[in-house]
Amino acid sequence: MIRLGPGAHPSMEESSMFFLTYLRRELRRRRRQTVVIALGLALGVGLVVTVAAAAAGVNNAQAGVLGALYGVGTNVTVTGSPVMTGRFGQVKMGGTGDLMLNAHGAESCQNGKCREVLAGQSVQILGPPFSAFTSADVAAVARLHGVSAAAGGLLLSDSALTIPQKTGQAGGSVPMTAPSPTYFSVQGVDTGHLALSPLSAGTIISGRSLTAADSGADVAVVDSGYATSNNVKAGSVITIGTVKFTVIGIVRQPQTGGSPDDIYIPLGRAQGLVDASGFAETGQVDMIYVTAASAADIPAVQHEIARLLPADTVTTAAGLASEVTGSVTSAARLANDLGTWLAIVVLIAAFAVASLLTMAAVARRAAEFGMLKAVGWRTRRIVTQVLGESVTMGAAGAAAGVGLGFAGAAVIAAVAPKVSATIPGSSGSAAQATVPGGPTGELDPATAPHVLAIPVHPSVTVGVIVLAVILAIAGGLLAGSFGSWRIARLRPAEALSQVA
Amino acid sequence: MYKLTGVTKLHQKGRRTVTAVTDLNLVVEDGEWLAVQGRTGHGKSTLLNLLGGLDRATQGTVELDGTGLGALRETQLTRLRAEKIGFIFQTFNLIPTLSAAENIEAALIPLGLSHTARQRKIAAALDAVGLTDRAAHLPSELSGGQQQRTAIARALVKEPKVVLADEPTGNLDTDTREDIIALLEHLWRERGLTLVLVTHDSSIARRAQRTAVMTNGHLTIRQDSPDR
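Line by line, the protein sequences are chains A and S. The opening position of the first sequence corresponds to residue 0 in numbering that gives the first Met the number 0, with each subsequent residue numbered one higher. The opening position of the second sequence corresponds to residue 0 in numbering that gives the first Met the number 0, with each subsequent residue numbered one higher.
Warning: the hint list may mix true and false statements.
Simulated restraints, written as ranges between beta carbons of each label pair [unchecked claim]:
| no. | chain 1 | residue 1 | chain 2 | residue 2 | range |
| --- | --- | --- | --- | --- | --- |
| 1 | S | Asp64 | A | Ala351 | 45 to 55 Å |
| 2 | A | Arg490 | S | Asn170 | 20 to 30 Å |
| 3 | S | Glu158 | A | Leu19 | 20 to 30 Å |
Covered stretches of chain A (chain S as the covering partner; in silico rule of three or more C-beta atoms under 8 Å from a C-beta of chain S) [unchecked claim]:
| no. | stretch |
| --- | --- |
| 4 | 21-35 |
| 5 | 488-494 |
Just so you know, the hints here were simulated from the structure itself, not pulled from any lab data. Keep in mind the model is a prediction, meaning the values are calculated, not measured. Glycine is no exception: its CB is placed at the ideal position from the N, C-alpha and C atoms.
Start from the sequences and build out the full structure, keeping to the hints where you can.
Laid out in structure tokens, this is it:
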């Protein structure tokens with residue numbers, strides 16, 4: 000009877016040297032095929048990395064747009080309907096304020112008191128563009144299930160209008176143009192809930208931000224764009240309405256070329272400014288910023304707030320994202336949809352080429368593998384050798400692919416134009432003014448759509464690099480497995496006869 | 000050593016069935032040198048494959064030291080070849096990317112020896128075939144005779160009981176052919192191997208202890224050989 004040995008159990012180290020030597024020499028012998036397979040995988044992987052980086056850049060741009068509007072900690076925003084409505088010959092501005100154009104100029108009414116404003120004279124109107132919420136409304140929202148925090152905000156428009164010289168007759172044939180205001184926006188910030196205000200999205204570049212201790216102080220933080228245009232710096236004194244505020248800091252908001260609020264003051268001081276302008280009740284706000292307990296709670300919170308305040312607009316980041324138009328959404332669709340599919344197609348092609356070439360190489364080496372089986376190599380050992388060669392090619396493809404991906408992302412960053420984002424105003428409509436026979440014009444940019452130009456910064460994350468490496472090695476394994484299947488079916492006698 | 004009883008091997012070639020070996024009976028003793036002659040395509044290589052466990056008989060039994068090879072699983076046959084059977088091929092079948100020493104080492108990998116033990120055996124094998132100074136050369140850097148010596152060293156390095164040689168001098172010139180056969184003969188005598196050598200060369204066959212002839216799949220022992 001034959002007695003066979005107990006079975007070979009060489010240490011990994013003992014046989015690994017031979018394994019690595021054989022692997023290295025074999026890849027060098029098939030240099031051209033090795034390069035083709037590795038390059039194919041590199042191309043697929045590089046495209047995945049580039050597309051992911053571009054998509055991340057566009058998605059970050061979108062998120063930056065929303066973040067600037069929402070603030071870091073806000074999930075849901077509640078706004079009232081715009082109070083600046085256009086009527087024939089009339090402009091409503093701020094609370095119960097009214098400005099009626101007539102043949103001589105205009106009649107300005109505030110809190111039931113009216114005065115004539117002659118043509119050529121200026122009218123300053125400070126008021127909120129949205130209808131009011133009470134402090135009870137804010138508290139009711141804060142008590143809703145799923146709400147972690149709620150804070151009020153007060154957005155004011157400080158507009159100065161110059162009544163045109165020739166206003167004509169109402170209904171007359173002389174065309175008139177609507178008066179164009181100079182304008183800046185003032186955001187009243189709840190200093191007890193700073194994370195919920197748009198101020199939180201910005202970076203203080205000079206001085207300091209508002210704190211809870213500033214709640215009753217006449218201090219302001221000014222947007223960097225407004226500060227530059229109006230030569231304002233930390234320490235300057237600015238006038239809002241009739242009150243002087245000391246600038247304590249300059250803030251830079253995330254997006255460029257956009258329209259962030261110009262000035263941020265404590266909520267209580269903003270409320271004090273408009274108390275005389277027509278709010279029925281002291282302490283009212285025109286925006287509520289809400290933080291949900293978790294992302295999963297946001298839809299329910301939105302629904303509950305809409306039930307509580309049915310006449311008002313409840314907006315979530317996801318809802319606003321769906322309303323953002325412009326090339327940023329097109330770019331996002333391009334990167335996420337078309338880019339993803341393109342990367343998948345190229346990867347499949349690379350996997351197919353790698354598999355076919357590996358199977359062809361195994362076929363050419365049939366006699367070699369037949370000989371190895373003849374001298375006692377088990378199929379498993381031969382398969383390990385072939386898989387090792389394929390995985391090595393996959394790893395080379397991964398390294399080259401990540402490099403290609405970085406290069407692709409750099410090219411996109413260098414040549415890609417800025418994308419645009421059009422963000423609708425509150426309730427999606429703009430405040431308008433009409434005059435008899437004249438065109439309509441926007442009076443309050445606070446409610447007008449914003450068009451932003453946003454640079455796209457592709458970013459390659461560690462997660463994408465890991466994914467790329469996994470894909471390339473998976474491609475190598477897939478190719479090797481096809482070759483291994485062929486080896487497993489190889490009959491030594493048949494394989495050896497191919498040479499003979 | 001070997002006992003073949005009623006062995007038949009059929010190959011399926013598409014729709015056709017080709018009979019490679021028909022009702023073959025053979026006994027090979029321990030330490031015997033058997034030469035198998037015959038024309039191309041008459042079943043010599045098939046016989047060698049059956050003896051080496053590289054193929055299985057369609058009918059009949061092939062026994063090696065009392066164990067039927069047909070009853071062994073594939074892994075057992077692989078183990079058998081790793082430990083007990085050495086092969087020498089007409090076309091050498093060396094791995095082109097490995098040196099002479101590494102090609103010999105390939106035969107020792109399945110045995111699980113330590114690196115030191117492997118190196119010792121490789122050195123001894125190279126010395127036995129006179130190729131110590133060619134250990135680091137690739138097959139492309141060796142002559143035909145040197146490549147076949149390397150193949151012989153690979154077959155013998157594991158100290159097998161049986162060496163199966165399929166036309167070992169088929170690709171060599173006359174002088175080299177003589178050197179290789181002389182080397183095989185020397186090693187056969189020195190180590191007490193059982194050697195089954197397939198050849199179409201009568202001068203080589205005459206050097207064996209016994210000669211068989213394959214004709215159309217039938218094996219006949221030559222009249223001037225001892226009848227087993």
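Each hint, compared with the structure:
For the pair Asp64 (chain S) and Ala351 (chain A), the supplied restraint of 45 to 55 Å holds, since their beta-carbon distance comes to about 49 Å. The hint said 20 to 30 Å for the Cβ distance between Arg490 (chain A) and Asn170 (chain S), and at roughly 24 Å that hint holds. Taking the beta carbon of each, Glu158 (chain S) and Leu19 (chain A) are about 27 Å apart, inside 20 to 30 Å as hinted. Here's how the stretch 21-35 of chain A fares: 5 of its residues keep a CB closer than 8 Å to some CB of chain S, so the rule of at least three is met and the hint holds.
Only when three residues or more bring their CB closer than 8 Å to a CB of chain S does the claim for the stretch 488-494 of chain A stand; here the count is 3, and the claim holds.
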